[in-house]
Amino acid sequence: MSYITGVGLTSFGKHEGSSSLDLMSQAASLALDDAGLKRGEIDGILCGYSTVSPHIMLATVFAEHFGIRPSYAHAVQVGGATGLAMTMLAHTLVEAGVVRHVLVVAGENRLTGQSRDASIQALAQVGHPDYEVPLGPTIPAYYGLVASRYMHEYGVTQADLAEFAVLMRRHALSHPGAQFREPITVADVMASKPVALPLKLLDCCPVSDGGAAFIVSREPTTEARVRIRGCAQAHTHQHVTAAPRLSELGAEIAIAKAKSAACVAISDVRYAAVYDSFTITLAMLLEDLGLAGRGEAAARVRSGHFSADGEMPLNTHGGLLSYGHCGVGGAMAHLVEAHLQMTGRAGKRQVRDASLALLHGDGGVLSSHVSMFLEQAR
Amino acid sequence: MSDKLADWTKGEAAIVYQSCGSCGAKQYFRRGFCAACGAVDLIEQRASGEGTVYATSLVCRAATPETRAHVPYNIVLVDTAEGFRMMAHGENDLAIGDVVTARFVQFAGRCVPYFAKASRRDKKECWR
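Protein chains in written order, with my numbering: chain A, 152 to 529; chain B, 9 to 136.
The shape of chain A in the complex, shown without the other chains:
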């Protein structure tokens, strides 16, 4: 058994003058305070990576900087799935009795620490160095390829995809830490600059500075009782050229294993936190996870199903698309928000019932998947 005992999240956007370590430290301090723990009580550290300040031993760089001497520490790299992969590992370590309190942390000054081109270029390297990268694709192009195929097979339109950007923006409006808080419409998304068609600028998450952290512990440390009920991963490929057909992607494999590990059904889920690097990512994952029928996710957005007051509130902080994306910390914000919802601390974003949450992360080009269920323990 393991619990998320504390969470910490900075605002996303510009943090001029803050380094990756600064943002990690800010988020870690918030998480420690939230859990009511002192630095000396943390005996495990898992951290993500920083494209701005790459290091072969980031976890110990951070531990020294932050003032912790853990008995277990290393970095984890699974692209956008890193946050949930670290949470799964923390859960496993705690359950195995290796450590008592694991600090899971990531942060990057990706927006102000490097040019947008440098960021796009660094991320495009997830492509094959010989057979893909020389062709000049970008991350939006890899996902644009997937989008074109998904739209072709399931009759999804660009206007359908735009609904997800509008929904995430609407949710971000009520979070003071979100990078984007100007309302947008489907027409705005459709009219935004083409990036890698069918994806346009507002179909893509931004580049942000920010940090996120949480503590995974063997026992609750405060009144907050959010338990990791079960989780699973699936990794089917790295490069989009080698991806299996749409019906065999890893999200479906991971969620099936996670459901069986957690002994829950999708009908038990009350809150959803799903990776949304692009509108197509969110549309596909919702359908792969069984939160909507094939080609029906956009209709569910339109009917209010995924709104904060809907049947399945989704990414109520605004997701990567509007809260922002600072690398590994970006998807960790989804878990922080789920935790706030599950502990009744989401303020005006608070949903009626978040007793069981489904979280899903994706890394690469739908390459690596982690599905996880969190529950309010009594």
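Hints in this document: simulated from the structure, not taken from any laboratory.
No residue lacks a Cβ here, since even glycine has one placed at the ideal position from N, Cα and C.
Hints should not be assumed to be uniformly reliable.
Claimed, not checked - So the derived label-pair ranges between C-beta atoms look like this:
1. E74/B / R396/A: 46 to 52 Å
2. S325/A / V107/B: 47 to 53 Å
3. R111/B / S506/A: 55 to 61 Å
4. P280/A / R54/B: 21 to 27 Å
Claimed, not checked - From the derived model, a few chain A residues whose C-beta atoms are all more than 10 Å from chain B:
5. D194
6. H216
7. L244
8. T336
9. A347
10. T372
11. E399
12. R445
Place chain B on chain A using the hints.
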């Protein structure tokens, strides 16, 4: 393993793939073994350059000065006649399902495969 054939990744105007002598699997990313069964008796062959468009994305925002000079350019995934999938460039108006043929063009200082809709003449040639 048979002799290594040069392909576009080495600057040669050709698409090369590997067939496994044991299980028959085809693979595009060159390796010293078959990723399906692990056997090392691979046969390298030149592909015909014919295929069908599986997916497309028109890049309008590139990340480097060299690639920016080419925008918009169409990144495509093509299912080749030989049975493997590859990434390449293609005509900007290609649609999924189009039958295409490869030629080679210069892109950001490199030779890259570029697919265009197969013309009637091309189709006739492949019947001969």
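* Given as non-interface: A347/A, partner chain B, CB spacing beyond 10 Å -> Non-interface label on A347/A violated, nearest chain B Cβ at 5 Å vs cutoff 10 Å.
* State, for the Cβ atoms of R111/B and S506/A, whether the hinted interval 55 to 61 Å holds or is violated. => Once the Cβ atoms are compared, 59 Å apart, the range 55 to 61 Å for S506/A and R111/B holds.
* Can we trust that E399/A is non-interface, i.e. its beta-carbon lies farther than 10 Å from all of chain B? -> Label holds. Min Cβ-Cβ 14 Å, cutoff 10 Å.
* Asked: How does the Cβ-Cβ distance of S325/A and V107/B compare with 47 to 53 Å: does it lie in that range?
  -> Because 50 Å falls inside the window, the suggested range holds.
* Asked: When you look at the beta carbon of H216/A, is every beta carbon of chain B farther off than 10 Å?
  -> Nearest chain B Cβ is 31 Å from H216/A, so the label holds.
* **Minimum Cβ-Cβ distance from D194/A to chain B exceeds 10 Å** => Given that every Cβ of chain B is farther than 10 Å from that of D194/A, nearest at about 40 Å, it holds.
* **Assessment of proposed distance window 46 to 52 Å (beta carbons of E74/B, R396/A)** => With Cβ atoms ~33 Å apart, the hint is violated.
* Asked: Are all C-beta atoms of chain B more than 10 Å from that of L244/A?
  -> holds, 32 Å
* Minimum Cβ separation between R445/A and chain B greater than 10 Å? -> holds, 17 Å
* Classify the label on T336/A as holds or violated, using whether its beta-carbon is more than 10 Å from each beta-carbon of chain B. => Nearest chain B Cβ is 22 Å from T336/A, so the label holds.
* **Interface-negative label, T372/A against chain B, beta-carbon threshold 10 Å** => holds, 44 Å
* Okay, P280/A versus R54/B on CB: inside 21 to 27 Å? -> Distance hint for P280/A, R54/B holds at roughly 22 Å.
In terms of the numbered hints stated before, the structure departs from hints 1 and 9, listed from lowest to highest.
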